[in-house]
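Trainee: For the sequence shown, the positions run 1 to 495 when our numbering is used.
For the record, the hints were derived by calculation from the structure and aren't laboratory data.
Even glycine gets a Cβ: it sits at the ideal position worked out from N, Cα and C.
One or more of the hints may lead you astray.
Claimed, not checked - Computed cross-link-like contacts, DMTMM-like style, restricted to lysine to aspartate or glutamate with a CA-CA straight-line distance of at most 20 Å:
1. 92 to 76
2. 90 to 46
3. 181 to 76
4. 48 to 110
5. 181 to 110
6. 181 to 152
7. 36 to 110
8. 92 to 63
9. 92 to 46
Stated by the list, open to error - Here are the in silico distance ranges between beta carbons for each label pair:
10. 436 to 315: 43 to 53 Å
11. 31 to 439: 28 to 38 Å
12. 463 to 395: 14 to 24 Å
13. 386 to 424: 31 to 41 Å
14. 439 to 315: 38 to 48 Å
15. 83 to 63: 33 to 43 Å
16. 225 to 403: 16 to 26 Å
17. 309 to 91: 49 to 59 Å
18. 201 to 424: 20 to 30 Å
19. 175 to 62: 51 to 61 Å
20. 293 to 196: 32 to 42 Å
21. 378 to 303: 42 to 52 Å
22. 303 to 198: 37 to 47 Å
23. 463 to 200: 56 to 66 Å
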Amino acid sequence: MSATTANARATLTLTLLCAIFGTTRSTTTSPVRINKCCEKFEVMYDGKCTVASTVNATVWKPEFIGRKGERNVQVDNYRFVIGLPDCGTKQKFNIYEYHDSYDKLILFPDGQLRHLILRHHSSGPGGSNVGNYLDEDYFDTGDGNGPLLQYDYTQGLYCMDRAIGSGDGDGSELMEGLIAKVCSPKEEIHWTDSDVMLRKIINPICHGLAMIILLVVAIIYFVLPTLRDLVGNMVTTITMCLIVSQAADLVRIFTELSNHVSFLVADLFFYVSLLGAFFWLNAMGYYIWKMFRTRNVFLRVSDGRKYCWYSGYAWGCTGTMAAIAVFAHFFLDLPDSTGGRTGGSAGTETQHIGRESFFEGQDNISWMGIAVFFTPIAFIIIVNIFFFVTTLRFINRMHTYGRIHHKLRCSFVMFTLIFVTMSVAWLFLILSWLHFDGLLYMHIIANALQAPAILYICVLRQKHVTFLVKSCFRDQAPQATEWGDEMTYMNGGDY
Numbered sequence: 001m002s003a004t005t006a007n008a009r010a011t012l013t014l015t016l017l018c019a020i021f022g023t024t025r026s027t028t029t030s031p032v033r034i035n036k037c038c039e040k041f042e043v044m045y046d047g048k049c050t051v052a053s054t055v056n057a058t059v060w061k062p063e064f065i066g067r068k069g070e071r072n073v074q075v076d077n078y079r080f081v082i083g084l085p086d087c088g089t090k091q092k093f094n095i096y097e098y099h100d101s102y103d104k105l106i107l108f109p110d111g112q113l114r115h116l117i118l119r120h121h122s123s124g125p126g127g128s129n130v131g132n133y134l135d136e137d138y139f140d141t142g143d144g145n146g147p148l149l150q151y152d153y154t155q156g157l158y159c160m161d162r163a164i165g166s167g168d169g170d171g172s173e174l175m176e177g178l179i180a181k182v183c184s185p186k187e188e189i190h191w192t193d194s195d196v197m198l199r200k201i202i203n204p205i206c207h208g209l210a211m212i213i214l215l216v217v218a219i220i221y222f223v224l225p226t227l228r229d230l231v232g233n234m235v236t237t238i239t240m241c242l243i244v245s246q247a248a249d250l251v252r253i254f255t256e257l258s259n260h261v262s263f264l265v266a267d268l269f270f271y272v273s274l275l276g277a278f279f280w281l282n283a284m285g286y287y288i289w290k291m292f293r294t295r296n297v298f299l300r301v302s303d304g305r306k307y308c309w310y311s312g313y314a315w316g317c318t319g320t321m322a323a324i325a326v327f328a329h330f331f332l333d334l335p336d337s338t339g340g341r342t343g344g345s346a347g348t349e350t351q352h353i354g355r356e357s358f359f360e361g362q363d364n365i366s367w368m369g370i371a372v373f374f375t376p377i378a379f380i381i382i383v384n385i386f387f388f389v390t391t392l393r394f395i396n397r398m399h400t401y402g403r404i405h406h407k408l409r410c411s412f413v414m415f416t417l418i419f420v421t422m423s424v425a426w427l428f429l430i431l432s433w434l435h436f437d438g439l440l441y442m443h444i445i446a447n448a449l450q451a452p453a454i455l456y457i458c459v460l461r462q463k464h465v466t467f468l469v470k471s472c473f474r475d476q477a478p479q480a481t482e483w484g485d486e487m488t489y490m491n492g493g494d495y
């Protein structure tokens, strides 16, 4: 019995020893994969894989750095995986680390690559201060010494090699450094996701429908002769400004398809057209307020000259504020006041920013420029509220008024509704910059409802406008005289 027990114990011990040594053997024999862009005997010379001996260069040997900043960590068992990373549909770009560069490439012993974007110049490849960049306490002190951004790339999503540049080709010293070809750190877009569908599909469709609806309103008020008075021309101009803003905002939706210059131009068109629409709305409110307060009221008298005066006011103020905003964007913006649009990386993305804005970062117009654009709109809203309150009090004090005041009253109602619609849409636009997806969705809904609301206010709500639109599609006998809108509806027409 004892002999059997001893044999069983010996067998179990041998089994455990074999398992332990087998596991250790398999662990130690599993090499760390290092992704190398060129062959083992090649380097990256002027962007091309070149045999190292032909350019008198040494091949790249990986230098591993520990997670705590330990230099020259020994990794005896590693192997190169030759070739460029397979990025699929993601964009592939190059990162260079050289003397006094803002980029730092750190290769960890497990084969993971970290890319640091520094605030200050680095000391070149293998700098002595690499441990500080991996120390959380170092860049959490708030003194601005830490990296601005960092990205981690797993194996297969990058490749590294030695980079050599020929310089100017005049026999000067070769420029040496490190190169890493990595996949874009942006997240993959899944079109079936509800958030992506709302932002990238439903929102652009709503912008397109809004432009069509606003164009219909502009055509109606521009084509029909009886609607081409001063208020009608102002409505046409406001709708055209909103069409331009919708088109520019449609370009701003697809940020990954635009470079910095085109995105900046689209931003300028968006803010300038939106500011112009509010200045024209302010001109309409002032005109109605002034006509109610004057004694001699004559509609359609020198409307062309008045339109030129109001055009000088609206476009002059818009152009002036746009010039100030562009100047503020390029010359008066505070450092670190604009952040980049960040997304998930192929591995992990981390930001270390000293002053994080409460709003989301912009790659285009700075916050100083946006403030120059939106501060006048806030004052315009306050002035329009004054026009609304004083005009409403004057209308309530009127006991009798003729057809001209009746039309002015209907124009005042239209101005009030347009003012409320545009102000609500502008308010949700500002709220959409906060870090809340719900506010962004509310902005998308408010923007989608703005154009149908303007169509209802300017066309469908007014019976005489719908009558004129329907009359354009009827076969009517030509009239010998032109009565005009006021004469046609002088007996109690509903404006």
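Trainee: If a hint holds in the structure, say so; if it doesn't, say that too.
Mentor: So, going through the hints one by one against the coordinates:
1. Of the supplied pair hints, the one linking residue 92 and residue 76 is violated, its CA atoms being roughly 30 Å apart against a limit of 20 Å.
2. Annotation: proposed proximity of residue 90 to residue 46 is violated, straight-line Cα distance about 24 Å (limit 20 Å).
3. Of the supplied pair hints, the one linking residue 181 and residue 76 is violated, its CA atoms being roughly 24 Å apart against a limit of 20 Å.
4. Between residue 48 and residue 110, the direct Cα distance comes to roughly 27 Å. Violation of the 20 Å bound is thereby established for this hinted pair.
5. Pair hint residue 181 plus residue 110 holds up; C-alpha atoms about 18 Å apart against a cutoff of 20 Å.
6. Taking the CA atoms of residue 181 and residue 152, the gap is about 13 Å. The hint holds against a cut of 20 Å.
7. As the CA atoms of residue 36 and residue 110 are separated by approximately 15 Å, the hinted pair is consistent with the 20 Å bound.
8. Distance check on the hinted pair: residue 92 and residue 63 sit about 24 Å apart at the alpha-carbon level, beyond 20 Å; violated.
9. Of the supplied pair hints, the one linking residue 92 and residue 46 holds, its CA atoms being roughly 18 Å apart against a limit of 20 Å.
10. For residue 436 paired with residue 315, a C-beta distance near 36 Å fails the hint of 43 to 53 Å.
11. For the hinted restraint 28 to 38 Å between residue 31 and residue 439, the CB-CB distance of approximately 50 Å leaves it violated.
12. In this structure the hint that residue 463 and residue 395 lie 14 to 24 Å apart at CB holds, the actual value being about 20 Å.
13. Roughly 19 Å separates the CB atoms of residue 386 and residue 424, a value that falls outside the hinted 31 to 41 Å.
14. A beta carbon spacing of about 32 Å between residue 439 and residue 315 contradicts the range 38 to 48 Å that was offered as a hint.
15. For the pair residue 83 and residue 63, the beta carbons lie near 21 Å from each other, so the given range of 33 to 43 Å is not met.
16. Checked against the hint of 16 to 26 Å, the C-beta distance between residue 225 and residue 403 comes to roughly 18 Å, which is consistent with it.
17. A hinted range of 49 to 59 Å holds for the C-beta pair residue 309 and residue 91, which are about 52 Å apart.
18. Evaluation of the 20 to 30 Å hint for residue 201 and residue 424 yields a pass: the beta carbon distance comes to about 24 Å.
19. Look at residue 175 against residue 62: about 21 Å separates their beta carbons, and that is not inside 51 to 61 Å.
20. Against the hinted window of 32 to 42 Å, the Cβ-Cβ separation of residue 293 and residue 196 comes to about 53 Å, which falls outside the hint.
21. Taken as a hint, the range 42 to 52 Å is violated for the pair residue 378 and residue 303, whose Cβ atoms sit roughly 30 Å apart.
22. Distance hint check for residue 303 and residue 198: the Cβ-Cβ separation is about 43 Å, which falls inside the suggested range of 37 to 47 Å.
23. In this structure, residue 463 and residue 200 break the distance hint of 56 to 66 Å, their C-beta atoms being roughly 40 Å apart.
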